[in-house]
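Chemist: Here is how the chains run, residue by residue.
There are 2 protein chains.
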Amino acid sequence: MTHPKKGQPLLVVGTVAIDSVETPFGKADEVLGGSATYFSVASSFFTDVRLVAVVGEDFPERHVDVFKKHKVDIRGLQKLKGETFRWRGSYGYDLNTANTLETKLNILTEFDPVLTDEQKNTPFVFLANIDPDLQIKVIKQLKNPGFVALDSMNLWIKIKKDSLLKAMGMVDMVIVNEGEARELTGQSNLVKAAKEIRKFGAKGVIIKQGEYGSLGLFNDEIFSAPAYPLEDVFDPTGAGDSFAGGVMGYLARQGKVTRDSLRQAMIVGAAVASYNVEAFSLERLTSLEFHNIVDRYNEIKRLTVFDDFTH
Amino acid sequence: MTHPKKGQPLLVVGTVAIDSVETPFGKADEVLGGSATYFSVASSFFTDVRLVAVVGEDFPERHVDVFKKHKVDIRGLQKLKGETFRWRGSYGYDLNTANTLETKLNILTEFDPVLTDEQKNTPFVFLANIDPDLQIKVIKQLKNPGFVALDSMNLWIKIKKDSLLKAMGMVDMVIVNEGEARELTGQSNLVKAAKEIRKFGAKGVIIKQGEYGSLGLFNDEIFSAPAYPLEDVFDPTGAGDSFAGGVMGYLARQGKVTRDSLRQAMIVGAAVASYNVEAFSLERLTSLEFHNIVDRYNEIKRLTVFDDFTH
Numbered sequence: 001m002t003h004p005k006k007g008q009p010l011l012v013v014g015t016v017a018i019d020s021v022e023t024p025f026g027k028a029d030e031v032l033g034g035s036a037t038y039f040s041v042a043s044s045f046f047t048d049v050r051l052v053a054v055v056g057e058d059f060p061e062r063h064v065d066v067f068k069k070h071k072v073d074i075r076g077l078q079k080l081k082g083e084t085f086r087w088r089g090s091y092g093y094d095l096n097t098a099n100t101l102e103t104k105l106n107i108l109t110e111f112d113p114v115l116t117d118e119q120k121n122t123p124f125v126f127l128a129n130i131d132p133d134l135q136i137k138v139i140k141q142l143k144n145p146g147f148v149a150l151d152s153m154n155l156w157i158k159i160k161k162d163s164l165l166k167a168m169g170m171v172d173m174v175i176v177n178e179g180e181a182r183e184l185t186g187q188s189n190l191v192k193a194a195k196e197i198r199k200f201g202a203k204g205v206i207i208k209q210g211e212y213g214s215l216g217l218f219n220d221e222i223f224s225a226p227a228y229p230l231e232d233v234f235d236p237t238g239a240g241d242s243f244a245g246g247v248m249g250y251l252a253r254q255g256k257v258t259r260d261s262l263r264q265a266m267i268v269g270a271a272v273a274s275y276n277v278e279a280f281s282l283e284r285l286t287s288l289e290f291h292n293i294v295d296r297y298n299e300i301k302r303l304t305v306f307d308d309f310t311h
Numbered sequence: 001m002t003h004p005k006k007g008q009p010l011l012v013v014g015t016v017a018i019d020s021v022e023t024p025f026g027k028a029d030e031v032l033g034g035s036a037t038y039f040s041v042a043s044s045f046f047t048d049v050r051l052v053a054v055v056g057e058d059f060p061e062r063h064v065d066v067f068k069k070h071k072v073d074i075r076g077l078q079k080l081k082g083e084t085f086r087w088r089g090s091y092g093y094d095l096n097t098a099n100t101l102e103t104k105l106n107i108l109t110e111f112d113p114v115l116t117d118e119q120k121n122t123p124f125v126f127l128a129n130i131d132p133d134l135q136i137k138v139i140k141q142l143k144n145p146g147f148v149a150l151d152s153m154n155l156w157i158k159i160k161k162d163s164l165l166k167a168m169g170m171v172d173m174v175i176v177n178e179g180e181a182r183e184l185t186g187q188s189n190l191v192k193a194a195k196e197i198r199k200f201g202a203k204g205v206i207i208k209q210g211e212y213g214s215l216g217l218f219n220d221e222i223f224s225a226p227a228y229p230l231e232d233v234f235d236p237t238g239a240g241d242s243f244a245g246g247v248m249g250y251l252a253r254q255g256k257v258t259r260d261s262l263r264q265a266m267i268v269g270a271a272v273a274s275y276n277v278e279a280f281s282l283e284r285l286t287s288l289e290f291h292n293i294v295d296r297y298n299e300i301k302r303l304t305v306f307d308d309f310t311h
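If you're matching them up, the sequences are chains A and B in order. Numbering-wise (my numbering), the first sequence opens with residue 1 and increments by one. Numbering-wise (my numbering), the second sequence opens with residue 1 and increments by one.
Think of the hints as simulated: they come from the structure by calculation, not from any bench. In this text the structure is predicted, and so the values were computed from the model without any measurement. Be aware that a few hints might be false.
Said to hold, decoys possible - If you want a taste of the chain A side facing chain B, the calculated C-beta under 10 Å gives, among others:
1) Val64
2) Asp94
3) Ser188
4) Lys195
5) Gln209
6) Ala227
7) Arg253
8) Asp260
9) Met266
Where is the CB? At the ideal position from N, CA and C, for every residue including glycine.
Next up, chain A with everything else stripped away, as it sits in the complex:
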């Protein structure tokens, strides 16, 4: 990762976890995981990233080293007495949906994100999947943020929908997957679902469609972004968070959010996510180089470009 970071700093608040994952292709125990982990490493290729999260005393130094290697600012990574948040899940041959086998919140229940002045003044902010009440708490501490986005998950739609809708009304962009978009709005059509989500307050919506790409709605314009058609998906864990990391990292690097930079950012997200799923945990992301991301971006372009209609 010799490529220089550029642009505006990016703050992420979310979970850092220890995952145990089983897929049809193998299993990995006690590996690094969590929404803010995937996000921060993915976005670290582009800009300076400030991480705010919590771990327990059991969190191994080798996992901390991953953030250090990627020059993620971990001054906001609190270490508290207790055990780190743990997730155990599995995937069948349909790698689009994770089966959660066990969730141990552990120290996460004590997470109380209090930002430093520097963190409060970060121009780009991402609220990774976490309790929406904590997301709101973070938003309220921000000082003149330039661009704030959030992600969530079906659990919060089920048990904290009011808080989640409130949080969605306080940010610039909502990033959710298609199942969540349908659950949130009761709309099976994704264009309609995106428009409904925008009514909650955010001017931008990105709906992640897994292997099919993503759909963006900004102002009144739709962007249909392809995914990279991967032949070998090994472990989809973190695909959504690394997608979001690519999107927000690229936007922060450009320092501006426009129709065109958002479109590019969604392709960058697809490129980063496509690497992430090639190996367990962050194995592939941590061996990635900046030029690999650019190569895959160009490859996605090559795979999707077509000429004008010939009469």
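Since the structure of chain A is already known, use the hints to place chain B on it.
Modeler: Just chain B, lined up with the frame of chain A:
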């Protein structure tokens, strides 16, 4: 439909049916349907189309008029003693999958496609979804065909897989939907599935992904084609056949099958299919004008184009 047809003639052999369809948005009884029907009307915007199919004595003149209006050559539309093939189906809010409520083959069991010399010498040929033994029978009659493609359905994978694989080995391109591709190959990954299907013999494979677009594999090159992100899908019946009609009609119009014309053709297919699902039966296709298709093609381009990576 005042736009002039151009290029090479296109032959289609398949079913002409009378459909009864129920969707969450309404129902339509005894309307025009069938794989060769949707295909021939869709492709008729681009080139001269020769239809070979069978109907019963009960087939109403108003349905015949649809073909006439689109200047489809119906000299190959046999009318036999008996009742026309009937299909009754329904869709839930997930409009991606049809529930077949009733299939009455009727006169279809007596269909014996014997081609005229003119039909045998058609340069572009599409074998729409029909018994693969009939598809083989048609292929064997062709004289120096330029480009032959076929479609099929899950029924034939189940009850006539050997014949279907044989037919697939005799054509240039196979067009199937993603469920069929997975069923045919046992591969959940669509890039792998497309590569497996190509091993049956065809050099080109298009996998239709419904609202998500389509994936093309030609020689060793992949093309990931978006769909038009429609807000209001009314009746998906015939979407796959009108997609194929757009693809083959455009290729025949260009008179050549190249990397670039195939990519364009898949976008044309997406454009035509997106119109088709806006109304029951062929209501929308029959009111369509050539420039509407070009407009939607341009719209798909606008919705999917993105700039090069900015460093």
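Chemist: Tell me the numbers of any earlier hints that the structure contravenes, in ascending order.
Modeler: Number 1 - this is the single hint that the structure violates.
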